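Using the sequences plus the hints, can you model the full thing?
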Amino acid sequence: MLFLVAIHRPQGFDHAANLGPEVRAAIDAVNDEMVAAGARRFVGGLRDQASATSLLRDDAGSITPSEGAFLQASHYVDGVWILDCADQSEATEWGRKAAAACGGSVEVRAFAGAKFD
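Here the sequence shown stands for residues 1 to 117, where the numbers follow my numbering.
Hints are computed from structural coordinates only; laboratory data are not their basis. It should be emphasised that the depicted structure is a prediction, and the values quoted were computed from it without experimental measurement. Using N, Cα and C, we set each Cβ at its ideal position, and we do this for glycine too. Take these hints with a grain of salt, some might be off.
Taking CB as the label site, the calculated pair distances span [what the hints assert, rightly or not]:
hint, residue 1, residue 2, range
1, K115, A16, 35 to 41 Å
2, S62, A17, 40 to 46 Å
3, S54, D87, 14 to 20 Å
4, A16, F116, 31 to 37 Å
5, A16, S62, 38 to 44 Å
6, R41, H75, 20 to 26 Å
7, R24, A86, 41 to 47 Å
8, P65, G20, 33 to 39 Å
9, S54, D28, 27 to 33 Å
10, D48, D28, 21 to 27 Å
11, G61, A16, 26 to 32 Å
12, G113, R24, 14 to 20 Å
Quick look at the structure:
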């Protein structure tokens, strides 16, 4: 089964101040462990929310671009892993390791369906 593990950060999170060499080394170690276990399919960090473009669809079907994140919230998704795990329990354990390495909160969610070409 495929799972999304999403790292959440508070608004105003300062990457330079909070993601020093020790944290980056811990993240690299978790990534290496995921690869060695055959679990990691994808990993990627996201740029700041201000760089996002949201596409808003109205009831008539018109789509309007808007600068910035779709949702304005106290936390935002900062990076993601896509993992291939046997079950929710295994994915949650990887999520724990990711949260510990990143020093942040994570969400672990199964894909309802996924296709990789």
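Exercise. Can you name, in rising order, the numbers of the hints this structure does not satisfy?
Worked result: Those not satisfied are hints 3, 7, 11 and 12.
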